[in-house]
Every structure is written in structure tokens, then in C-alpha cells.
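Once you have looked at the hints, place chain D on chain A.
Protein chains in written order, with full-length UniProt numbering: chain A, 1 to 339; chain D, 1 to 339.
What the hints contain is simulated information worked out from the structure, not anything from laboratory work. Check before you lean on any hint, since a few could be wrong.
For lysine-lysine, the following BS3-like pairs were computed, each having C-alpha atoms within a straight-line distance of at most 27 Å [stated by the list, open to error]:
(1) A:K204 x A:K238
(2) D:K204 x D:K192
(3) D:K34 x A:K112
(4) A:K259 x A:K182
(5) D:K86 x A:K108
(6) D:K338 x A:K259
(7) A:K106 x D:K42
There are 2 protein chains.
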Amino acid sequence: MSKKITIYDLAKTLGVSAGTISRSLNDHPSISQKTKDRVVAKANELGYKTNKFAANLSKQQTNTIGVIVPRLNSNFMSTILAGIEKIVNEAGYNLIINQSLESMEKEKLNAKTLFNNSVDALIVSLAYDTSSFDHFTPFIQHKVPLLFLDRVHNLPNCATLIINNRLAGYEATEHLIQQGCKNLLYVGGNQKRNVYSDRFKGFKDALANYELVFKEANILESDLNPTSIGEVINHIKKSAKQIDGVFVANDTLAAHLIKNLIIEGYNIPEDLKIIGFNNDPVSELVTPSLSTIDYPGYEMGVLAGQSVISHLNGSINFQSANTITLRHQLIIRESTQKQ
Amino acid sequence: MSKKITIYDLAKTLGVSAGTISRSLNDHPSISQKTKDRVVAKANELGYKTNKFAANLSKQQTNTIGVIVPRLNSNFMSTILAGIEKIVNEAGYNLIINQSLESMEKEKLNAKTLFNNSVDALIVSLAYDTSSFDHFTPFIQHKVPLLFLDRVHNLPNCATLIINNRLAGYEATEHLIQQGCKNLLYVGGNQKRNVYSDRFKGFKDALANYELVFKEANILESDLNPTSIGEVINHIKKSAKQIDGVFVANDTLAAHLIKNLIIEGYNIPEDLKIIGFNNDPVSELVTPSLSTIDYPGYEMGVLAGQSVISHLNGSINFQSANTITLRHQLIIRESTQKQ
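Just chain A, with the same shape it has in the complex (with noise of 0.2 Å):
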């Protein structure tokens, strides 16, 4: 890197002294303005930057907010991260993004690195086996505020945001129900995630309600990744009742089950319905195209960062707010309808 500018340099290079440079770089109300124009069109020509360092260290802010996600490759992760971005980065905050690639491991390191990096603030999705939190106590004993959203973990002083998985799971599960289905499979992820847990109690919920007995074979859990999907075929074909409606707890995955299930010889939806989870844009692109719960990802990212701004702006304290639960909704497509 060429050598840095200093406001040395552009003293002499103006014939000022140092402290004219730097009251004029500050807006200070004894320089003139003409002096002023001169000082910032040459720092600006010589690319002179302020330090910012310097300064952050005096005043032991970064301006940056870190976030971990278990991968950016996914639709519903990057959906939420754009409206993060363009909340903290009109409010003069830089992101500084990790991946867990869903390990925990990976997840520590990241943990540790963004709290050596000094950010204002962490904003978490977790990853897909975490099944510690001791990776979050610096954050948490050092008063940066932390944040947990989609898969969370209730901590001491952390706000969460959510959408009711639960209630969501319920709906999508007595949708099916309401169109006839009686032999009903769910198809989810990790159990130790809130995200998959609650919308299979969710499941659970609705078969209770509709009086069908719940079996140990109306549930397999899965990694949710489209090479899994073998697995989920076998898994109906080999079924002692027909399973007649399945709720997948994302939309890549249903998407794959319902191309693959034609492949297989079933009609979608008469042999078989199916709902998926997230309303991610394949859903509308499939054929059949898929009846799903719209899990409103973008506007989870937006309140997130205005959640984490206001906080740091002192104007709320989102700590006390603990859990903040969006709106999902029912998206009735194709694949789910009545004969």
C-alpha cells in the first residue's frame, strides 16, 4: 500500500498548519469557508482518509455489526440479509458477514473473531447442530447487544425475532386436513432448532385437534438438503397406510419432492398433497405449484436492523423487548387442492 496522507501533509502541501487542516476537516466555526474548500478538495485529491481508527478507538465503536448465518447460499438467508444491509448501511453501519456452514464449530470461530472485532452489535441465525451457547457469554457479559433471529435460542438480555412456527406448522397442517387428507407425513429439520421443533408441534397440534392419531411414522427428520430426497421418497413408498399429504418444512425441499414424486408415477395433488414452508420464489415456479406458508424473510431483516440501530442509538432497548414475532401467512396454491 502506498504511503498513508496524514493532515501533516496536507498542512505543508496548503502551507497551513496542522491545526487548520484538522479544524477544517471538523467543520470547525473559526476557519472560513474558503479555507475549508480548499483543505477538503485537497484531501479529497490526495485520498486522504480520516482516521477512523484513531477515532473508533477513543470512542470504542466500530461502526460495524457483525452476523453469522448458517449459509449464504440459501434464498431465505439472503433474503433476510439484503433487508439488514440496506437498514444498517443507510444508518452509517457496515455488516461484516460469517457463515457457519450449519456447524457449530465454525459458528465458535466466527463468534470469537466478530467479538475480537470489536462490533457494535451480533446478529445470529443459528447453526444447524448448536447445541452450546458459551460462545455468545462475551457478547452478553460485555453488554453487546445480541440478537437472534429464525433459528433462536432465548439467552439472558438477547432479543429474538420470530414468526409463530408453531401456530404456522398448525395452519399449514390443518390446511391439508381440511382438504381431505388423513395420513399425513412431516418433514423437517433438526429437532434442536426452534424453527423445526415448533412447527412439528405445530403437526402435532392439529392431528390432536382433528382427532387422527399421531405414529412414529408421520415424522422423519431430515438434513432438508435436495440430495436428501431419496430418503423422503423411500420413506412414502414405503408406507403401510398411503400417506396422502405431506408438510415439508422448506420449499426447496417440497419443490424437489413434488418434481420427484411425478417422476415416480403419483398424481400431484390427487394421489398426494403437499405444503412447504418459507414462500421462497420456486414455490410460484413449480408445477404444480406449491401451497406454502409465506415467512416474511425481507421485512425480518429490516426490523432487525432497525431493531439493532435503535438500540444503539439509545432510543430503545430492545433487551426488555426479549421476543419480537412477525406475521406469517397461508399461501394456497396447487399442490394442495381439493379433488
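Just chain D now, with coordinates in the frame of chain A:
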């Protein structure tokens, strides 16, 4: 934020000198392992953070890499970002990610902020309407490595990472012609961006090579947003001569085109064959499945990360490499099948 722990606090707590603390934390050979262990344990317990700001101030290095992308919520972009993040994170760098929201004005602000944040390098994919490039001048002047990918512009001493869009456009078009199409349409984005103008050049090359006359009706410039699908459908319906093959510059719009043409009563691929670009997951899931060009986004991200890290380590100087071209691949699926 609570009071920051200093080496003096650690020294007081442990009853040793500040110098011993400092040398222990820096793994100095003059300190016994036992003392180092005690210091490190206490530092972790109290939440001591290495004063990265002060350290970086003297090194003039921040261990951060800036990224500006048009949008975070694009499957293609988030795949690239996933690749970049994996590599730079492993190398001990953090990504500060900004989105230009397809606006040159926002891109200028992003560049300014990232320059003032003293990022060690900058990776950019240009906004839809960027027409001047002065906002990158400070990086070039101050020898901050600058790498463009996908949507690139040639600037002195900057590396670019691309695929051969012209050849890929040629191959997509040639495939349609070989499947029997005679009246083709290219639906592309803003011709200011290399990716769209190069694909269009490839489209024209193929027409010329197969002695098909190019007319203005053979091209439609679009923002490639699914909301613009009506415009594309109208262009096809109003065409004087029945269009029988469409090359769309991205998969999302191509998938929407398939879905909407079917609603309009067209048979795909019988009446009209469609090929997209990128090999997004949706291309496999739409019915009929979409032929496309595989664009290795994740690999591009990995290579971008590796190039920047190697450059910063001094092991390669990517500015001399200038342009790196990745391999693309024609993927043939149902939407272009011959009758």
C-alpha cells in the same frame, strides 16, 4: 458498553507486571508456559480483547475485505458470496458486504465508505446502471487491490474474473438453432454491462454463422425482473413472424417465461424452445426443466477469495494476471428438446 478490560487490569488481577501480560499474550519465549496459560485463562475469563485497532493502526491493515454486489437476495450473487466468504474467513479475513441495489449512486457511497474503512482489498460486481468509474480511483491510487467479477469494467491494475459470456451466448443460441429454431429472440439486460452485451454479441455471432438475418425484433432489452414478464409475453405474441426460440439472459426470468407461456396456451418445447443462463436451482425444478448455461458462481467466489488473499500475502500479484476466465457449460434439459 461495559468498561473495556486492559492489560493493566489483567496485571493487577494476576499480580504480575503489564509487560508480563503483554509478552504472555504475544507468546514470547521469555515467559513460562505456566504463566502464559494463567494469563490466557484470565484474559478469556474477563473478556479481554486484543486491541486490534491499535495493532492495525501501526500495521495499516484491517484484515477486512470489502465487497459491493448489486443485490444480496439473488441466488447467483449469494452463491458467489458463499465462495468468497469461505476462503477469506479461513485466511483470517472478514468480509464487509454492501449492496448497491443496482444503483450507481449507492455504489459510489458504498465505495467511499469502504475506502474510509481502510479495507485491505475490494471486490465488486457492478450495478445495473453504473456508467462512470471515478469512485474506484482512490483504491487504484492507493494501491488497494481491486477485483471485479461477473459484471466487470477494465480499469488499470485491476483484476477481472469472468466467464466467456460471448462464447456462452453463442453456444446457447447455436443449441436453439440446432434444435430447429429459425426465428429467435434474445431477452437481455442493460447493454452497458459486459455480461448482457457479450451474450448478445454471441447471439448475433450464431445467427450470422447459421445465415439467419438479425432484425431489431430479435432483441428485447429488459431489466430481467420477474415483474417484467408481461412485456416479454407481449413481444412474443405481437411478433410478425412466430418466434420459435428464446434465449433469456437469466434463469429466473426464463422460468417465469415458461410458466406464463404455458398459461397463454403455448406448448413448450413444441411451439417454442427456451434456454436460460446461470444454472440456478430453479432451472431443474420448473416444468419442462430449463436448458441453460452453467455459470460456476461458487467457484468464481472461491477463486476471487483466493486471488485476493494470495495478493495480500504477496504470493501472487493478480494485477498482472488482469483477466481470469472460468469455464462455463451448456446444460441441455427439456425446454429445448427437438420434436
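Against the 27 Å threshold, does the CA-CA distance of D:K204 and D:K192 hold or violate the hint? holds (17 Å)
For A:K259 and A:K182, compute the direct alpha-carbon distance and say whether it is at most 27 Å. Within the cut-off at roughly 22 Å; holds.
Within 27 Å, alpha carbon to alpha carbon, are A:K106 and D:K42? holds (24 Å)
A:K204 paired with A:K238 [C-alpha distance capped at 27 Å]: Holds, at roughly 22 Å.
Below or equal to 27 Å on CA atoms is what counts here, so check D:K86 against A:K108. holds (15 Å)
Verify the proposed pairing of D:K338 with A:K259, using a straight-line Cα cut of 27 Å. holds (22 Å)
Could you grab the alpha-carbon distance between D:K34 and A:K112 and see if it respects the 27 Å cut-off? At roughly 23 Å apart (the allowed maximum being 27 Å), A:K112 and D:K34 satisfy the hint.
Violated hints are absent here; each numbered hint is respected by the structure.
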